Structures are given as C-alpha cells and as structure tokens.
Amino acid sequence: MPLIDSKIAIELFRSISKIRIAEETIAERYGENKMRCPTHLCIGQEAVAAAIGIALRKNDFAVSTHRAHGHYLGKGGDLKAMMAEIYGKVTGCGKGRGGSMHLIDKNAGFMGSTAIVGGTIPLGVGLGLSIQLHKTDQVSCVFLGDGAVEEGVFYESMNFAVLKKLPVLFVCENNLYSVYSPLSVRQPDRRQISNMVAGIGCVTTQADGNNAPEVYDLAVKSLMKIRNGEGPVFLELFTYRWREHCGPSYDNDLGYRSKEEFESWKKRDPLVIMKNYILKNHFGTENDLDAICKSVVSEVNDAFIFAEQSPFPDKADLSGHIYSEGC
Amino acid sequence: MPLIDSKIAIELFRSISKIRIAEETIAERYGENKMRCPTHLCIGQEAVAAAIGIALRKNDFAVSTHRAHGHYLGKGGDLKAMMAEIYGKVTGCGKGRGGSMHLIDKNAGFMGSTAIVGGTIPLGVGLGLSIQLHKTDQVSCVFLGDGAVEEGVFYESMNFAVLKKLPVLFVCENNLYSVYSPLSVRQPDRRQISNMVAGIGCVTTQADGNNAPEVYDLAVKSLMKIRNGEGPVFLELFTYRWREHCGPSYDNDLGYRSKEEFESWKKRDPLVIMKNYILKNHFGTENDLDAICKSVVSEVNDAFIFAEQSPFPDKADLSGHIYSEGC
Amino acid sequence: MTRSISYAHAVNEALSQAMKQDKNVICYGLGIPDPKGVFGTSSGLQEQFGSERVFDMPTSENAMTGIAIGAALNGIRPVMTHQRLDFFLLAMDQLVNNAAKWHYMFGGASSIPITIRLILGMGWGQGPTHSQNLQSWFAHIPGLKVVMPTTPEDAKGLLLSSIFDDNPVVFLEHRWLHNQDGNVPENPSFRVPIGKAKILRAGTQITIAGMSYMNIEALRAIAYLQTLNISCELIDIRSFNPIDWNTIFNSVRKTGHLLVLDTGSETCSVAGEIIARVSMEVFSSLKAPPARLALPDIPTPTSFALTKYFYKNAKDIVAEVAKQLHFDLPHEIPELEKKCPHDVPGNWFKGPF
Amino acid sequence: MTRSISYAHAVNEALSQAMKQDKNVICYGLGIPDPKGVFGTSSGLQEQFGSERVFDMPTSENAMTGIAIGAALNGIRPVMTHQRLDFFLLAMDQLVNNAAKWHYMFGGASSIPITIRLILGMGWGQGPTHSQNLQSWFAHIPGLKVVMPTTPEDAKGLLLSSIFDDNPVVFLEHRWLHNQDGNVPENPSFRVPIGKAKILRAGTQITIAGMSYMNIEALRAIAYLQTLNISCELIDIRSFNPIDWNTIFNSVRKTGHLLVLDTGSETCSVAGEIIARVSMEVFSSLKAPPARLALPDIPTPTSFALTKYFYKNAKDIVAEVAKQLHFDLPHEIPELEKKCPHDVPGNWFKGPF
Ligand SMILES: Cc1ncc(C[n+]2csc(CCOP(=O)(O)OP(=O)(O)O)c2C)c(N)n1
Ligand SMILES: Cc1ncc(C[n+]2csc(CCOP(=O)(O)OP(=O)(O)O)c2C)c(N)n1
Ligand SMILES: [Mg+2]
Ligand SMILES: [Mg+2]
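Chains as they are written, first to last, in this note's numbering: chain X, 1 to 327; chain W, 1001 to 1327; chain C, 2001 to 2353; chain R, 3001 to 3353.
No wet-lab data here; the hints were simulated from the structure.
Hints are supplied without guarantee of correctness; some may be wrong.
[Claimed, not checked] Pulled a few chain X residues facing chain C out of the computed Cβ check, cut under 8 angstroms:
#1 Asn-33
#2 Pro-38
#3 Tyr-256
[Unchecked claim] If we take Cβ atoms under 10 angstroms as the criterion, some of the chain C residues that face chain R in the derived model are:
#4 Asp-2086
#5 Asn-2098
#6 Ile-2298
Please read all numbers here as calculations on a predicted model, not as lab measurements.
Glycine included, every Cβ here is placed at the ideal spot set by N, Cα and C.
If we strip away everything but chain X, and leave its shape as in the complex, we get (with noise of 0.2 angstroms):
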C-alpha cells in the first residue's frame, strides 16, 4: 500500500476529477460545432496525468502527444487558456494556432504537446539535457503512447537518454491500442514494452495505470533517483481509453475491441478507484468529495464560458510570429 497523506489523496481526485469533468463537458458540446478541430479524449485514463502532473514539481518539464488534455490540467496548465485554444480563441495558450492537439503552458513547466506519434520524445530528452547542462535539479517528463514506442524516434531517444544519464522520466500510458489497432498488430507476441525498454539500458517498471496512488508512489520515488543523478527511469503504466480515438463519442460499436474488455475497464474506474481509496482510508467523507466536484464543475464551466467569449484572432494575426524576433 503507497504511503499517500490526506492532501495528496485529495489533491489526486481534485485532478483527476478536473480532468474528467473538463473532458466530459468536451464531449457534450462538440455537436455544437464550435471545437472545430480534431480532438483526443483521455477520459479513463486520468489516473496517470493526475499523479504524474502532482508527483512532478511545478518548475518540471513535461512534454505530451495529440491526447494530452490530462497532462496539460495534470501539470497545472491553464485550463480557460485550452479551453480558448480547443475554440481557437485568441486567448488561448497558442493564439488559436495549435488547437486541441497543441498545447503550452510553460508557467507549468508544460512545455508542448504535438500531433505526431513520438514526435515530442526527443524534446523530453533535450530538456532533459538542458537540464544537465544548466545543474539544476528539474526533471523533464515525457508522456507517450504505446504507439509511439513503434517509432524509431522512440528508441533513439531512449538510447542518449541512458548514454547521458539525462534527468528525464519516461510515462507510457500502454492503453492496448493505436486508433483501432491492438497491439497484436504491432508488435511481437509476448512483448513487455518495459522488459524491452530496460534491455536498452534504463531503469522500468509496470504499474496500474488506473490507480492514481499507486502511480503517484511510483513516481515520487523515480524522481527521487532521477534526481540524484542516476539517469532516467521509464513507467509503463496500463490504462483505458473509454471513448474514440478522436472525437466525442464512444466506439464500440466499431468492434475493433471487445464489449467485455470495455466494460472490465470501466469498472476499474480511475475515479472511482481514487474515490473509494479516499473513503476507505478516511482522508475525506462524500460531502467532501462532492464539494470538490462542484467546485470543478464551476471551474470548468467557467473556463467554457471564458472561451466561448473571447474573440477570435484577426486577420492581421495571421501573419505574426511566424519568426521569433530575437536575435
């Protein structure tokens, strides 16, 4: 049992709660027609951005992928400022540019997330060497998929990191799928991603990615070691996606996976599992936990409105920055 005190629990299902809520209105409202931009739900798979985001400082890196919503709020991003981006707002956190798939919150430490599979690995690491270069004790997190770890870049990545020693921590969320694909389709049988990551010569382990305080324990004591110089450390971290790939609806009916599967997730509910551990261990009551979702729901709601109101960006803004002009 992971040693987590009462504020951390709290502050877990305030997170993950967050997430879900914001995601979850998301959802409902993409009909309107308003988000009009491609758009990746993590719903299901809050547990991992809500621990991570809390095990991480404030002044630490994180990089993320299309479905970066969780890790975006989890971090601490501003969440009226994605809102504005998903509505391509001229207040969002990219000017209206990036859209759902690009976000930044560098107050955060949220460095970027970008729409190509793997694409912000190597940007991980090149925090991660920053970091070295300027001996600072920060981390550099680097979210990905279980698709990405296909991709070359992946391993590249992963290869410097080791050689270096960088101070960067790798998350998987192993979700089982890429889009429609299982992993049977993509790779070998049998294959451990972790076992496979730790013959390149870093430091794994698997964990429940549904279980927030399971992965909170985890990466509070990763970090510890990547911050004593001891070289990266990657989490494979097993989780669900509850609803498409991209879009607000749920898929099932696709029949790419199965209902049994589906539903054998849905009961191990992120959310739930943080309520109930809160319960249990008698960190809060009920009317403290709805009191919290309320809280969040007005927050959300806010930040909805929020973008609803801001004003789109002009013609003139176009143009602008597409050259930083220092030099």
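Start from chain X and add chains W, C and R with the ligands according to the hints.
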C-alpha cells in the same frame, strides 16, 4: 569446436584470401587516383563476410552497407564488375553510377549496398517479407555495423521482422567504432547490443567475428532455424577494421584508438586463424594454401586489368535508367 | 461501363482490381484494415484478399517504407498508405535516398515498383502538422513519379497506373475530394497515363493550371466568369513528375495569360516551377506577368478564424483573373459564397477529422 | 582586424567565438570532436569548451534533432552538424513538423534557436547519396531560415547570425568552399545579417544570381566575359529564407536580363522560384526570357566520366550569357579550362572524401 569439413574450410580460406587480396590491391593502387570514389575497406573483418557468404545459399538475398566489398565477394558477387564499378566504368555492376559504396549482383543474390548508415536494414526485412509472401525457403541477410544499431530504422525494422517472424538473418559486425567514434560516446556503458536486441524479441548470439569456422557454424545453425519458420536471428560478431574508416591508409597516428588495441586485434588475423585451422585439422598443406592465394592473386589482377581496360560510360549514359520503362 | 461513384470508392476499386490482377500487389498502412478503412478507401480489402496481403502496421513510417522497397526488389508491388502526408516526413530518407535513386544508381539492375498514397488534410482544425501539401518536395527529386488526381476517374486510373508502374510513385489524395462523385469506368484495365495533364475546361482568354482540390474551386470560379463572358482554360496538372509541359505551353501560347493554383506554400512551389518554365520557354507569348495563387508562407493555423484567410478559394481565383485581364468585379459576388462553413467540404462534415 | 583565412577556419572561428560569448551555445554532431574535426571546422572546440558543450553523438539523426529542439526550449543554442546533407533526410520530421512550426503554432510562446550545419558534397565519386543539394526543400518550409554562404567572411558572419538568431536556421556549407581563402574580420561581434543578398560584382548587362560554389564558377566566367566587354552583375543570393527580393529585382530592372545558378536539381529549385518571382514582379523589365543553370533532374552519378557532364561550370555560364545576350563565342576557350580534374576542388585533393 565447430563441425566444418575440409571443403568448407578451403572455401572459407579462399574467400577470405580473395577479399583480403582484392582490398590490399585497392589500397595499394588507390594513390593512382583512378579509383575516384570514397572506399571503405574491410581488411581485418573478412571472416564474417566469407563465413556468412558461404553459409548462405546462392538464391538467398543479402544487403549491405558502405563497407560492402567483403559481403559482395563473400556472397559470390562478380569481382570484375566490382572493380570496374570502383573505377567508374560502364562494365561496373552499377554501370559506374554507384561506385564502391553501391554494389549489386543480383545473380549472386546480392541485392544492393548503400552509403546511408542503416539504410538497407529495412530493405533486407522487406526482402524477408517478399520471401514469406512467395512462400519460398530463402533467407534474407542484412549486414550492418555497430553504428547502424543506433538508427531508429534498425529498431523499427527489427520490430517488424520479429512481429511477422520473417526469414531474416541480421549480421552485425561490431568493430567497436563508427568512423573515429568509439562505442562509449554512442551507446550506454555496458550495453551488449545482442542483449538489447533480445529485448526486442529476436533470437541473438554473440561470437568471435575473426574466427570463420565459428561464424560459419553459427550461421548454418541460425539459417536452419530461420528456414524452419522460427523467425529472425541476430548475430553480433566482434571484429576490427585495420585501416582507416574511409580510404586506403592506416590511421593509428590519429590517436582515436590505441596501438595496443590495434595490435591485439591484428594478432588475431582472420586469414591466419583460418590458415592455422586448416593446417591443424590437416584439411590442407601450406602448399595448397599458397596455390589458392596465387590463383586469387591472378584473379584479382585480371579484375584490375578488366576494370582499367573497360570503357567509361559516355555522355548519353548520364540520362539513361532514371526511370524504369516497365509499366 | 461507367457509373458515378465517389473518389474514395474509386480508390478502393482501383486497389481491389489491382490486387485481383496481380497477386504481387499488397496493401498496408496504419489503419488499412480497420473499421474506418482510411476514409473508406481500403474497406473490405482484407476480407477479400486476406491478412497476408492487406495489413495494418506498426507506427514505424521510415522502416515500413524501406520494407516496401525491399519487397519490391523481389517482385512485390506494395501500396503503402498514410492518413496524413505529414507522418511520411519520417520516411524521407527511405524515399529519397533509396527508392528514388535505386534504379539509376545500380545502372538499371533493379526497379522499385512501390506506390505511396499520402492523404492531405485541410479544414476542421487540421492545423500545422496535419495539413501539409509537399508536392514540390517530391517533384524536386529525380527518380520519383508524383501524381495528384482531382476527379474520381483520375483517382482510379492514375492509381492503377501507379501500382503497375515500375517506379516509385507518390500518389497524393486530397481529403476534400474523397466524397466528390464522378463518372468512373468499371473496367479493371482502365488506366490514366502518368505524365499527362488534362484540360478540364477549354477556353481562350487565360490558362489556369490547377491541381487537386483547387480545381474544384477553379471550376466554381470559371462558371462565374463565364457569366461575365470571360473564357478560361483549366488544366489539371495531375502529374508533377513528370510534368506535361506541352499541354501547359500550348495553352499559354493560345491564351497569353497564366494563373497557376497550388495547394501548398508559395515559395519553391510547383506553381513557381510552372511559372518559371513558362517564362523561360514561352516568354514571347505572355501578354501579362503570370500569376500564382498558393498558400502564404505560413504554417497552417488551426483556428476557424484564421484558416478563413489562409486558404484560397473561387473568389480569390476570380480576383486574380480580373486583375490579369483588367476587368472590374462587383463588390459582392453571392454566386461565389460557399453554402457551408469555409473549413468543411460540405455541411455533412461534422468533424472530428 | 581582418586577415585571410580559409572558409573552414572561418566556420571554426565563428563556433569558437559564439561559444565564448554565450555559454548556452553547444555544439554536437557525428565526428565533431574527432581527429579530423569535420573538415577542420570543429577542431579544438572540445579542448576549449569541454565535453559537456562539445560532443560526438550516436548515429541517430532524427532524435538528435529533436533533442536540439528540446534543449533550445530551455535556453540552449545547439549547433548540430552533419557531414553530409543526405544524412539529415532522416530528420525531416523533427525539422519540419517541430522546429519550423513551434514558434507559430504556440502563438509565439517559445522559440527554437537551433542551427543546423549541413555540408554538401560534390566530386570524387560522392555519388547519389552523398551530394544532394536540397536548399529548395528548406526554402519551401515556412518557419525555417536558410543560408548558404559563399565567402569565408560570410561563412563566419552568417554562422554567428544563425547561432544567435532565435529561429531554426539551416546553414549550408559546400565542401568545395572549405579550402577557399578570404579576408575575414577577427572581431567576435562581426555579423552578416540573414536575409540580405550581396552583390559580388557590379555590372550592367545581365544579372547573374548565384549561390555557394556556383559563384566561384561565375566569377571565373565573369572575368572571361569582361575580356569580351560583357558586363555582368553577380548577386550572391546567400539567404534562401528569407530571400532578398529587392536586391534581385533592382538588378534585373537595371540589366533586363537574368540568369540564375543553382547547385541543386532543376525542377522546383530555388533558381526556379527566383525566375518565377522575377517574371511575376518585374516582368516588364525583362528584355529576354530568363534562364537558369542547375543540375539536370538526375540522381548524382559516381563515375568520373559521368560527373563531367552532370555538373555545371564557368563554361556553361559563359554559354548561357552568350545565348541570352546574343553574341558568339570562340569554339575553344582555354582561359576557362580548369587546371585540375573536374571532380576535385584543386590538385591538392586526393580523396577519399
Ligand atoms: C507519425 C504519425 N503516424 C501516425 C499518426 C496517426 N495517429 C494519431 S494518434 C495515433 C495513435 C497512437 O497510439 P498511442 O501512441 O498508443 O497513443 P493513444 O492514441 O493510444 O493515446 C496515430 C497512429 C500520427 N499522428 N503521427
Ligand atoms: C545516416 C548516416 N549518418 C552518418 C553517416 C556517416 N557514416 C558513414 S559510415 C559511418 C560509420 C558507421 O559505423 P558502423 O555502422 O559501425 O559501420 P563501420 O564503418 O564500422 O563498418 C558513418 C557514421 C552516414 N553515411 N549515414
Ligand atoms: Mg495507445
Ligand atoms: Mg563499426
């Protein structure tokens, strides 16, 4: 002690001699400035090329790298066409377009070598896929160096070969260097390439790459498994390049590797090891071996004469074969 | 027999007929056998031809391209598909250093009959990394063939030609064309030759050389211009390597005016190449400076509010023609207003991609 | 103070001075600290600045580019070097999908101050995969800056500008320039601005816009043409993104004639772009069709006998000028014959690369 009969032993000796003498002659005559292309000699590494080449069947495929003379000759590639290619003549195996770094002899199953590190690895895997589709019992052999292992395309190719259980033999010549760079600046401490590859899911073995009988024996056993449908095999063979990375000279004066290291490898000359093996096993006499060398010398001389006397391509040749006419 | 089918259906039919004609044709790519079948273009193929010849793949774009090349060396004709051109940037080494050069650098000893289908995105927030149109990159590389069909008929005919061509062919499909319908011959031996442009509309006053989805906008523009008695000749360039210079030159010789439309960014574009060649080769026929309409040299923005100014449409084409032929336009042209938001191909499109 | 040093030395000096000026400048690439020091351009740097800031790397071009980008996000200014541009094809995804777009797609929140030195090969059998000149690819990508200096002075000044520019800069070095000497200011604050062309020779009758090594051939051609009383203006384009259109347009307005020289293949080249823009923007100044001299659309052959016809030189330039200005040339022009074999930069060069 590997089980090699006298016929194979003599073949191995002949092949090693041929590669050695051909390359020594290139080195000797490079200063004439008639071989006007970058040339990467494999002197010191011939045992691998000879043993694998003989273990493979003629209709098995092979692809290789910038350092391909040995692999080409070992697989049965036409020596005259190779020399003419290095001289830039129209009788060359690539009509003078490719030079030393781009060799081909489809009659010998040598499907091509190229100068981009790692570039032919997926091609060898693709040949494996074609074999699986055609349902023949051929094998595709991929020669690669320890540097190529660092390319993402190596990893991606391995993953696919293992995923599909393709009939591919990977032959990695670990000669400790990539140009002037030792393994220590490129790969993690204590990395064993073969262990790492095992993590990807491939069957692997290490062996002494300067000992032709050992390599031959290993190759034969591996090829049996591969033809049996058991999937790819990866061999890591330790060996050493005697001369400079590119060009005809020795370069120990540069100081990137120690004289002791060089001498210790030179003492384990693959040609001498093979010779002693034959003599010890009474597979042949000194005289027999001298006779082989003489015949090889004259074969090599003939090839140089052929190359020198062949015509250059003419202006019209420049624009032929940009596109294949078939459609 | 000819019937009206969608562009996606035409691609699907070409794939299926090619696989029937030659058992060496194989078809793979991320999502090829999945329930969506790459916008329907690969639906049913795995059921028809089995999972040995039709398969999904790891997210390993570079190796999978090299694997196609290797298989091609032994007689296979792989068709590889990417849902976005942008992902294929990972494979430039294999495409350019190997596929494009193999036939030449080995003196013709081998050829590389591979087809690479790249789908281009646009609209609905595709944004900077899901919408690049890099046809000029491919056209710049000797040894590649490059086609970009506009009509369902050409989609089928050019895809069949690509698959049975012995050279590496980059086949560019614009996502906004997938749902366009058109007449397509059912005949499996139907082919459209690579390297020939097509005159989509004959005309006399200006040559418009267009490509892919921009031709759809051009057709709208031309229909309107006709009401003003302006006669435009619209050439669908279709093939970017080789380019059918004769058709373009002859048209300019006739009209004396040239406007080139490009779906990619302006600098070093295919449109620029066409203007350069026309200026060099038929200079004396030009009655006015040639013009081009391409994307500005800006990464693609995501916001609905920004893409509006980023992409070009029929109105911009009409304006360019008016400028070159020196006539005035009304301030508002209601005929040219799109019936749906600018970032979707039709009202039926509701995202997410 | 100014003294005459080689181009390679100028590059080396720029790197060393940049690292001295800013401890955030780091320098890596295959062979950077090795005994040959990438043709001498990186010699001594590791000794001077230590192995934390100057290091070799694994053969992992794509990741190492992304690592540069990531480091740049936290204030590092990485200079990455590749001994051949061709190897960098493995890194197009990181360059184009990340580096080029990062600043724009995040609304200016971050910038990517990286410099990528790419060395271009030529001669002595460099062949199809060791000699590509893909400047037009880079120029086509919004968000990149692209420079290709000709003189040692510009090599130093543009490299310093590139390193201290906050954007990703592709810095293209032609191998045949490394040994050319020229006057270079010693001052570490010396800079040559990115985006400005340079008039290498003023003239009146024809504008020759050249780049990199082709300028050396152009200077030989111009010296000869001067003996015929033909006055050429030679512009070193130098910067391909942005391109200094004003300098080019003004020159063409003056001369009425344009010849563009390119070290890359013809179709969709930078040369084509320049001809296109000139034709569009200063059409009425052109007294004759513009021309270009680039490589034919053929993969680079290796054989000495084939490269002779593949590469362009001073004789070809003279012939193009004569054609455009309508004058006759003698059959033989001994002044234009090179004093060494065509495939080496000088007799001192004996291979192997
Ligand atoms: C290089 C590249 N190839 C393909 C895609 C298409 N694509 C988008 S998301 C995705 C799935 C990736 O799977 P995984 O890494 O497991 O992340 P998940 O979606 O499961 O979170 C794919 C293949 C892409 N965006 N980039
Ligand atoms: C993609 C790429 N990067 C770099 C190079 C330069 N290069 C040529 S050979 C070589 C060494 C490769 O080392 P290894 O694979 O061990 O082969 P070896 O030379 O030792 O036989 C390098 C780095 C290249 N040709 N291609
Ligand atoms: Mg996944
Ligand atoms: Mg090596």
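For each hint, the structure was consulted:
{"no.": "1", "hint": "Asn-33", "in the structure": "holds, 6 angstroms"}
{"no.": "2", "hint": "Pro-38", "in the structure": "holds, 4 angstroms"}
{"no.": "3", "hint": "Tyr-256", "in the structure": "holds, 6 angstroms"}
{"no.": "4", "hint": "Asp-2086", "in the structure": "holds, 6 angstroms"}
{"no.": "5", "hint": "Asn-2098", "in the structure": "holds, 8 angstroms"}
{"no.": "6", "hint": "Ile-2298", "in the structure": "holds, 5 angstroms"}
The structure fails none of the hints (numbered hints given earlier).
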